[in-house]
Amino acid sequence: MTHGKEKTLGSLAFPEAVKRRLGGETITLCYQCGTCASSCPVAKITDRFNPREVIRLSLLGERNEVVSGDAIWLCCSCYNCQERCPQKVEIADVIYALRNIAFREGYIPNIYSEFAGALSSDGRIVKVSRFVENKRPTLGLPALQPTGVDALRKILSATGFDKLQQRREGA
Amino acid sequence: MSEVKVGVFLADSGKQLSKILDFDALTNHVKNISGVAFVARGSEFWRGEGLKTLIEAVKGGKMNRVVVAEALPKLSEVKIAQAVENAGLNPYLMEFIDLKDHCAWPHRETPREATEKAKAMLLAATERAKLLEPLEKLEFPALKSALIIGGGIAGMQAAVDLADLGFEVNLVEKAPFLGGLAARAGRFFPTDDCAICIESPASDLKTITHTSRKCVYRSGFTEISNLNILTNSTVVAVEGVPGNYKVTIEKKPKYVNELKCVRCDLCTTVCPVEVPDEHNAKLNTRKAIYMNIPNVHPPVYVIDENVCKFHDCAKCVEVCPTAAIELDQKLERITLNVGSITVATGFQEFDSSIIKEYHYDDYPDVITNLELARMIDGFGPTAGVIIRPSNRKPAKKIVMIQCVGSRDRRWKEYCSSICCMISLKHASLIKSEYPETDITICYIDIRTTGREHEYYYERAREMGIKFVKGRPTEISRDPDTGKLIVDVEDALLKRFLELEADLVVLAPAMVPTEGTKELAEVLGLELDEDGFFKEYNAKLRPTETKLRGIYLCGGATFPKDAPTTSLHAHSAAIKAAKFLTSGKIVKDQRTAIINEEYCGDCEFCPVTCPYGAITLEPTTEGHFVAKISDLLCEGCGICVGACPLNAIELRHSRPNQMLAQMKGLMSITGTSKPLVLAICCSECGHTAVDSSGMAMMQYPANVRVMKVPCTGILQVNQFLEAFKAGAQGVMIVGCKSDGCHYEVGSQKAEKKVELARTLLKEYGIEPERLEMFNMIFIEGDKFAEAAQMMTERVEKLGSLQIMGS
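Chains A and B supply the protein sequences, listed in that same order.
Start counting the first sequence at 1032; every next residue gets the next number (this note's numbering).
Start counting the second sequence at 1170; every next residue gets the next number (this note's numbering).
Just so you know, the hints here were simulated from the structure itself, not pulled from any lab data.
Warning: the hint list may mix true and false statements.
[To be verified] Using 30 Å as the maximum straight-line C-alpha spacing, the simulated DSSO-like pairs for lysine-lysine come out as follows:
(1) B/1525 / A/1075
(2) B/1299 / A/1050
(3) A/1119 / B/1565
(4) B/1756 / B/1248
(5) B/1565 / B/1600
(6) A/1050 / A/1036
(7) A/1036 / B/1248
(8) A/1119 / B/1686
[Said to hold, decoys possible] Far from chain B by the CB rule (all over 12 Å, computed), these chain A residues:
(9) 1048
(10) 1095
(11) 1114
(12) 1137
(13) 1186
[To be verified] To be clear about the criterion: a stretch of chain B counts as covered by chain A if any three or more of its residues have a C-beta under 8 Å from a C-beta of chain A, and this derived list gives those stretches:
(14) 1600 to 1610
(15) 1658 to 1667
(16) 1775 to 1783
Every residue, glycine too, gets a C-beta built ideally from N, C-alpha and C.
Excised from the complex, chain A in its bound form (with noise of 0.2 Å):
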């Protein structure tokens, strides 16, 4: 939050435009009563993420401190918040319609982006080392399958990710 006095609270457009999202569309309902909040195990460890002021700023058309500020990219996604939540808020799902809506303005932390690049190049977020592969039959795992990474492709190229992703690298 910026100091100082505000003559006007930010644009509800913002708000409007995280409803019509998917995972977005319960966020009016939220009376910040701060069950999320407690129920959260980021929020308790650290003070750069707290769910219900990261509602409230949305609500109140905060769209820059949301977009580009690093909270949203902290949820760790255990859905305490919306198992608890008394106004039926899909919480978790509005912090990912959030991230989307920053996606596509070009804000990703870097590992979200390395994520997203392994996703289109080998299928995984995550890069599986030949370490761990040759592990995987001393602990009786069969080896790993390839990946169906053509299809994830033109699933990521359908839905315009590829291009996105190519713009951040870009940039």
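Here the structure of chain A is known, so what remains is to put chain B in place on it, guided by the hints.
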């Protein structure tokens, strides 16, 4: 019936209307309508000289039908109809139109066209009047006795009111003792006095003072001679009609003779069976023979038949000095005949154990507000001491959690409205008795909206009660100390708290009493989406149901505090009294009538009727015909619209009467614009036309207004008739879908309009020539806009061509 002679009365409102409408032309026009025997013109006809003229004319026998064109007919028609009836003419042989708000005012800019429209209106009214038939007033006997279901403060208050007014009152309570939830709540806000006092009956000479307000046990309540109290009893069946209900009641045995018991307490002393006491939140035990608290009513012991060993033990029988204990008592079935029924079944706490993270069912130190109330009560299981149930030691640190199940879309979406005040009351009572107690209230929003309620909040802060804005996510228990930990975010400080507590008090949602659904079925009443009994209309007809003769009060409709419950009970009592007081129900015959020959036994009408007025009854030939109860029929005509065989008609809106009116309105054009017929319901639709006129909103005079009781009466063929009669466009104007005065009429009409539009297409007529509009009375602007829009739309479509014409 002798020859039809119509008298027409034209009011010009102090010559204001004749500035716009050509009254000479109108008078001449009316004189030339066949059947018109008399025409009078004046300033107004509903009072003073005008009314005298009208009455004289009727008395003189010059006419047997009356058409009055009067400003504000909805006001004036009552007076005129009464006067006409006194003058000896059946008042249902009259027709009223409004030349001011329906014609002169909205068309003041086009006076010539307005005059032509007025002619059409007069013609339509006259043609309809000619077809009207006299209707009788119907009388149905009503018993001057009432049943009240539920003996909490609502039921008791309503019972006292009705008994004071002289009715025979039967009060039925499910539990063995009176008092309901109030008897357990201890004290009430905003007065902090005992919950269980009511106004004393006026029939008791000793208490009939201005200050009479006593607890039930000394109020003389049970001694009111015309009040029959049945405790331990439930209503199992209701038959009959408003004014005459036959009610079957099952009275469970108490196994103690009320007339013999002297309350000596010997029986409880010897009783060997000890069980947890539900009344006291299981914080103590009671015997199989027991009384809730010493000052209960009726003051007689009762045997809990689920745990008593009866003849295997019978120690109480041996010890009872008056032989009051009768172990062989049987369940009694009692039949009562009553004129009205009032439901006062109240509410109860939501089952908090559903919310697993609060551990209500596995941590004994997590309790509810009602359980805390028992501890605060001096007659309670701890005699006023606040303890931790797990070790029965005093609780020094208390955390209260608001909105447990309330305002929660997973359980109860509504705000239970009284829990903030209950918690504030409890916190303050504890704090004033034990100032060292540490109390924190976790809330989402504090709601203290009633008189003197905010003061409770203020006093609580002053007393040092802490408030945390935040809804706890979880309650956990320290395995070593047994202390509870409440995990909550202080949302104002964005800080996480783990509040330690000896005792956590939940403020559960308030939900309908167990058995509400079953009782609703017995009575034929509807429940709302939250499971409470549905009031007919929260604003205009509170405490009423859509069934005449059945009323609601107190928490049965929604959680309420004591003052509101009391008011609600007075309201329900006065409604029941109004209904019963004359010993008869007078209704007019503007009801539906069935032609049994045409009835095809299809079950559409009994299912559609919102008032349960239609039943299917077997004939001697082995099939069924619909029978309509004049008593229950409200005259909406929804059954008429539903009948596929045209077997039902409304006596005051028969198809030929409607058709004559329609043709009249469409037979005089007088305008360059295409004719549009607006069929309006008599409630919001027609009054929206009034209000557009009152506000002098302008719309073109080609729009002609026809009134029907409810748009639900309309049949698809009537839309087609309208086009055939000359309409280029048809508007159906009804109440809002969810605000129909007859519940479902607007929805039915919408469906029929949809169907008719498909048919119109088949006939080669543009479906957009027919449109449904929903509005409320004050939306006159919406009517004017709609009229303008339809006119423009129809103009664009061009002249209507009907095949074959």
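Hint-by-hint comparison with the structure:
With a C-alpha separation of about 21 Å, the suggested pairing of residue 1525 of chain B with residue 1075 of chain A holds against the 30 Å cut-off. For a cut-off of 30 Å, the pair hint linking residue 1299 of chain B to residue 1050 of chain A is broken: about 60 Å separates their Cα positions. For the given pair, residue 1119 of chain A sits about 35 Å from residue 1565 of chain B by alpha-carbon distance, which is inconsistent with the 30 Å threshold. Between residue 1756 of chain B and residue 1248 of chain B the CA atoms are separated by roughly 18 Å; this keeps the pair inside 30 Å, and the hint holds.
A C-alpha spacing of about 11 Å is found between residue 1565 of chain B and residue 1600 of chain B, which places the hinted pair at or below 30 Å, so the restraint holds. The straight-line distance between the Cα atoms of residue 1050 of chain A and residue 1036 of chain A is roughly 28 Å, inside the 30 Å bound, and the hint therefore holds. Taken as a hint, the residue 1036 of chain A and residue 1248 of chain B pair is broken in the structure, with Cα atoms around 64 Å apart against an allowance of 30 Å. Restraint check: the Cα-Cα separation between residue 1119 of chain A and residue 1686 of chain B comes to about 27 Å, which is no more than 30 Å; the hinted pair holds.
Against the 12 Å criterion, residue 1048 of chain A stays outside the reach of chain B, whose nearest CB is about 23 Å from its own CB. Consistency note on residue 1095 of chain A: stated as away from chain B, and its beta-carbon is indeed over 12 Å from all of that chain's, at 20 Å minimum. The beta carbon of residue 1114 of chain A sits about 9 Å from the closest Cβ of chain B, which is not more than 12 Å, so the claim that it is off the interface is violated. Listed as a non-interface residue, residue 1137 of chain A keeps its Cβ farther than 12 Å from every Cβ of chain B; the least gap is roughly 29 Å.
Under the 12 Å C-beta cut-off, the non-interface status given to residue 1186 of chain A relative to chain B holds; the minimum distance is some 34 Å. Given a C-beta distance limit of less than 8 Å, the hint that chain A covers the region 1600 to 1610 of chain B is violated, as 0 residues qualify and 3 are needed. A stretch counts as covered by a chain when three or more of its residues have a beta carbon under 8 Å from one of that chain; for the region 1658 to 1667 of chain B and chain A the count is 5, and the coverage holds. Look at the region 1775 to 1783 of chain B against chain A: 0 of its residues bring a Cβ nearer than 8 Å to a Cβ of that chain, fewer than three, so the hint is violated.
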